[in-house]
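Those protein sequence lines, which keep their order, are chains A and B.
FYI, this note's numbering numbers position 233 of the first sequence as 233, with every residue one higher than the one before it.
FYI, this note's numbering numbers position 62 of the second sequence as 1062, with every residue one higher than the one before it.
Treat the hints as calculated values from the structure; they're not laboratory data.
We treat Cβ as the ideally placed atom computed from N, Cα and C, and that holds for glycine.
Some clues are possibly wrong.
[As the list claims (entries may be wrong)] Residues on chain A that point at chain B, a partial pick, calculated with CB under 7 Å: (1) K33; (2) L34; (3) V41; (4) N42; (5) P44; (6) G57; (7) A58; (8) Y77; (9) G125; (10) G127; (11) S129; (12) D135; (13) R208.
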Amino acid sequence: MDYDVAIIGAGAAGLTAAIYAVRAGKKTAVFEKLVAGGQIVNTPKISNYPGTPGISGAAWSQALEKQASDLGAEMIYDEVLQLEQVDNGFKLSTEDESYTARTVIVATGLNERKMEVPGEAKFIGRGVSFCATCDGSFYKDKTVAVVGGGNTALSDALYLSDLAKKVYLVHRRAEFRGEFALQEKIKTRKNVELVLGYMPIEVVGDKRVTGLKIREREGTLEKTLGVDGIFVAVGKIPSNQLIADLVELDEAGYAITDDKCGTKTPGLFVAGDGRVKELRQLVTATADGAVAASSAIDFLA
Amino acid sequence: MSVTEITSAEEFRKVVLESQTPVVVDFNADWCGPCQMLRPKIEKLAEGGAKIASVNIDELDDLAEEYEVASIPCLVKFAGGKEIDRKVGLLPEKKVAKFVEDTMVGSDEAEVEEA
Ligand SMILES: Cc1cc2nc3c(=O)[nH]c(=O)nc-3n(C[C@H](O)[C@H](O)[C@H](O)COP(=O)(O)OP(=O)(O)OC[C@H]3O[C@@H](n4cnc5c(N)ncnc54)[C@H](O)[C@@H]3O)c2cc1C
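Make the full structure from the sequences, and use the hints.
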């Protein structure tokens, strides 16, 4: 076996698991397809993680990655495409290589859900965005649409209303799912227009986005909002494709684990946002990482 | 080689548009977390011989507008003064390496020497 502990995903959960596993003397590798840090790298300021008020997501991620690799975790920047059970452990395959490990901690987190309408993919980076805090400043004095009805959509609309000339908030239901306080705040913004009961059907544009075509959810009326940018905030989906056969998933695709992050497959643990839990934050992701690593360490004993 | 920090439109013209070989421009900003995470990888590739320039979109917003950069990180490849390809958002390290491959100055010779 190449490793005692293989960790998939170098977000908050995966890197914390690595710290615990290497400090227990286990040979540990962390696989990451993009960059260390995961979702939190998009945040300019983390205000609620204990002990580091105001730090940026990128700085926090860099510090965490350094801590894990200084302690001896091996960082492998590659996407794990397949995970299989083999005798006494697991085999992880990337495009060109394969690795074996006695235990695996899956910490692959969440991905943005797409609208899945024509034009969306084509215009990503040319008007379609999944991150208001990242791309909002490109839309100073422009017109944008935010699609979605949860907390992310509401806070994106608020954030953008300070920058853009006009913000359409498009939601397919008559009511928002997001926090009441956010809804009340939205109502005070004169440049936010609520477009309720409509769903997106197409992103239109030539070189760049010029509009969002929408249709009534319970009707046939269609119209096109003239916009320069579209912020998609229709939720997140767990990246659990790798473990669909090895782990019990709930109907939304989250991994069902016991309170030690264990799954129905012995030696396979799930940590972080990808598992069923109440609160998806850094502090719970790091906590999961520590718990999953200690479960893996016990399993190896 | 290191990453060339572009500080003016004039410098952009010289370093990027008038370059004899392809150049990749990394459009970024200080507040952009994914850009900060990508940066060390870009630097490593530049040290390995890739020709890469960096444009801070807040300092050179005219350039960002001219090239219709609407989301960062955004890597744009220029050859012969024109855009020939672009990648938006975070990419796997391997894909970044592949994207900048043809900017390697005299990459063929370098490979022969190493062999
Ligand atoms: C905009 C934004 C702001 C936020 N702000 C806060 C905040 O202020 N405070 C707070 O506590 N929380 C915040 N959160 C939530 C927090 O970011 C998450 O709870 C936390 O990042 C979850 O960590 P994770 O390790 O479970 O997953 P993720 O962060 O999703 O990390 C998963 C990692 O796995 C990698 N990966 C996935 N599949 C594979 C594969 N097959 N092979 C290799 N690698 C793979 C991904 O690339 C990613 O790096 C915020 C989230 C967002 C999106």
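Checked hints:
no., hint, result
1, K33, "holds, 5 Å"
2, L34, "holds, 5 Å"
3, V41, "holds, 4 Å"
4, N42, "holds, 5 Å"
5, P44, "holds, 5 Å"
6, G57, "holds, 5 Å"
7, A58, "holds, 4 Å"
8, Y77, "holds, 4 Å"
9, G125, "holds, 3 Å"
10, G127, "holds, 6 Å"
11, S129, "holds, 5 Å"
12, D135, "holds, 5 Å"
13, R208, "holds, 6 Å"
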